[in-house]
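Novice: Sequence:
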Amino acid sequence: MTVRVRFAPSPTGYLHIGAARTALFNWLFARQRGGRFLLRVEDTDLQRSTDESTRSILEGLAWLGLADYDEEIVFQSRNADKHRAAAERLVKEGKAYRDFTPKGERADADVKREIAERARSASGAEGQDHRANPFRDLPLGESEARAAAGEPYAVRLRVASDGRSRFTDMVYGEQVRDYSEIEDLVLLRSGDLSPLYNLSVVVDDIEMGITHVIRGQDHLTNTHKQILIYEALGASTPTFAHLPLILAPNKAKLSKRKHGEVVSLTTYRDRGFVPAAFVNFLALLGWAPEDGSEMMTREELLGKFSPEGIHRSNAVFNFSDTDPRLWTDQKALWMNAEYIRTMPLGELLPLLRPWMERAGLWRAGYEGEEAAWLARTLDLIRQRFYTLEDFTGQGRAYFADDFEFDDAAVRKNLKKEPRLAELLPRLAERLERVEPWTVEAVEAELRAFADDEGVKAGLLINASRTALTGQSVGPSMFDVFDVIGRERSARRLREAARLV
RNA sequence: GGGAUGUUGGUGUAGUCGGUUAACACGCCGCCCUCUCAAGGCGGAGAUCACGGGUUCGAGUCCCGUACAUCCUGCCA
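If you number the first sequence the way the numbering used here does, the last residue is 550 and the count never jumps.
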């Protein structure tokens, strides 16, 4: 049987990195087994679902390279009639019943507290009895009559009182839950008879022929309810694999409200992550390959991925919301830097181009006669960059003359030595005469000049770095001279003399 | 309250059928390299393997209990 999996996000916000990882694992599983990878947008919560969220999720998946869905995207809201029909069938078969109990109104914010309170009071004398509902055993005929008379009702699944539900999770192993712990869950809301999550998911998964449900561990306990629905519907249950959650540094749930943009996948795109690097990082959250590899290309990931390597404890996504340098997990940042400095330039360039274009730094010549210069320059500066953003930020001076000077760099490398005001222009003169303009020739000339003036070469080198790039750090200075070129170098040395 | 799941250095992970000084990556510190900063090389600090019992010649690995964390317990998804 071919493997068929689906990623099923609800479009109530941006794509959460935890969801992104779920998508990745589904994708890896499908691709590795020659199966189908499907996408289902769970937009049944009309209040909160937005088209913008859907777009953002699709964008995020595309950015990760996971948008090669094998079939049309399914929008769950469009299947509501099928979901309702399934529930109605269950009513006719006696596997579900109409509950005419008036619907209780409750404010969303109080839901959690209410649940807790109710549970506490219910656990008093004789425990919770979900089966006490007076409508549970209402004869079907009477139920039909009251419904026909227009009395509002919800549809609940009739859950057996004795026995237990069990399934084997690919990650969490054997799972057992006593029926007595499962209430007669609502399938259809009273009033508009709109389907509820558990019903919709099951009906859609059956219809889509899903063989493996890979999703977050937050659904683990509710899986038993869904299995009950599968059984009532007479369908075979898929195999389940639940993934450990990704937590915030304080081990709390990672949420937009509390943690902001770090949890949004698009943040990583917008802040200059290389998709392959982020995929690599994400894969390592809650999973490890047998051979202990860490840096893995997508192909290697496909080769090494196995559900057995997924572990059961939640992972902490480590970041600080006070220190901007630690805006996201340090290992993610490190990995991104690693990709940036080691990936083939031919792959880096297409990722970089949009950044340069947006910053107004892209030139037509980069595709022609300046291609070699661009390659050399990028290769030189990428060695110490962490994100794609750095190329147009710290790296701006390599591509444009209107770059900014870092205050600390100016103080440290230019203002510290007053003589530089006069040395720099003279260094410019000397360098203008260097022929040919090579790394070696420039170095020889600068060192000779330093000797002549009786100053340390380092003084001129560091001053030059700030003069030419605005920074106090960067690649070996003679490479910088080479790449910036004779004319621009000389001009910047002269201009920088004014900053001394 | 009930149920489920989990707990190895700051973080991510490895630790096979229980067997010597608990391994790797990130981060941190130092040294080397050096024109700066990285990278790279070398070295270091940091874990009584949540805690308490038990089984055993021997337990991170097995058993019981406790604590803590997360999730579920909804006519949300």
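Hints are not guaranteed to be accurate.
What the hints assert, rightly or not - Derived DEER-like restraints, expressed as beta-carbon distance ranges: (1) ALA338 <-> LEU395: 46 to 54 Å; (2) ASP131 <-> ASP341: 23 to 31 Å; (3) ASP118 <-> PRO394: 34 to 42 Å.
Unchecked claim - Subject to a maximum C-alpha distance of 30 Å in a straight line, what follows is the list of computed BS3-like cross-link-like pairs (lysine-lysine): (4) LYS301 <-> LYS132; (5) LYS466 <-> LYS506; (6) LYS275 <-> LYS303; (7) LYS153 <-> LYS132; (8) LYS145 <-> LYS275; (9) LYS381 <-> LYS306; (10) LYS308 <-> LYS354; (11) LYS275 <-> LYS306; (12) LYS142 <-> LYS132; (13) LYS145 <-> LYS132; (14) LYS354 <-> LYS275; (15) LYS303 <-> LYS381; (16) LYS142 <-> LYS275; (17) LYS465 <-> LYS381; (18) LYS354 <-> LYS381; (19) LYS153 <-> LYS142; (20) LYS465 <-> LYS506; (21) LYS153 <-> LYS301; (22) LYS462 <-> LYS354; (23) LYS462 <-> LYS506; (24) LYS275 <-> LYS301.
Bear in mind the hints are in silico, worked out from the structure with no lab data behind them. None of the values given here were measured: they were computed from a predicted structure. Glycine included, every Cβ here is placed at the ideal spot set by N, Cα and C.
Novice: State for each hint whether it applies.
Specialist: Quick rundown of the hints versus the structure:
no. : hint                          : result
1   : ALA338 <-> LEU395: 46 to 54 Å : 30 Å, violated
2   : ASP131 <-> ASP341: 23 to 31 Å : 49 Å, violated
3   : ASP118 <-> PRO394: 34 to 42 Å : 22 Å, violated
4   : LYS301 <-> LYS132             : 40 Å, violated
5   : LYS466 <-> LYS506             : 14 Å, holds
6   : LYS275 <-> LYS303             : 24 Å, holds
7   : LYS153 <-> LYS132             : 23 Å, holds
8   : LYS145 <-> LYS275             : 14 Å, holds
9   : LYS381 <-> LYS306             : 21 Å, holds
10  : LYS308 <-> LYS354             : 35 Å, violated
11  : LYS275 <-> LYS306             : 29 Å, holds
12  : LYS142 <-> LYS132             : 15 Å, holds
13  : LYS145 <-> LYS132             : 17 Å, holds
14  : LYS354 <-> LYS275             : 33 Å, violated
15  : LYS303 <-> LYS381             : 20 Å, holds
16  : LYS142 <-> LYS275             : 20 Å, holds
17  : LYS465 <-> LYS381             : 37 Å, violated
18  : LYS354 <-> LYS381             : 21 Å, holds
19  : LYS153 <-> LYS142             : 22 Å, holds
20  : LYS465 <-> LYS506             : 16 Å, holds
21  : LYS153 <-> LYS301             : 36 Å, violated
22  : LYS462 <-> LYS354             : 49 Å, violated
23  : LYS462 <-> LYS506             : 15 Å, holds
24  : LYS275 <-> LYS301             : 28 Å, holds
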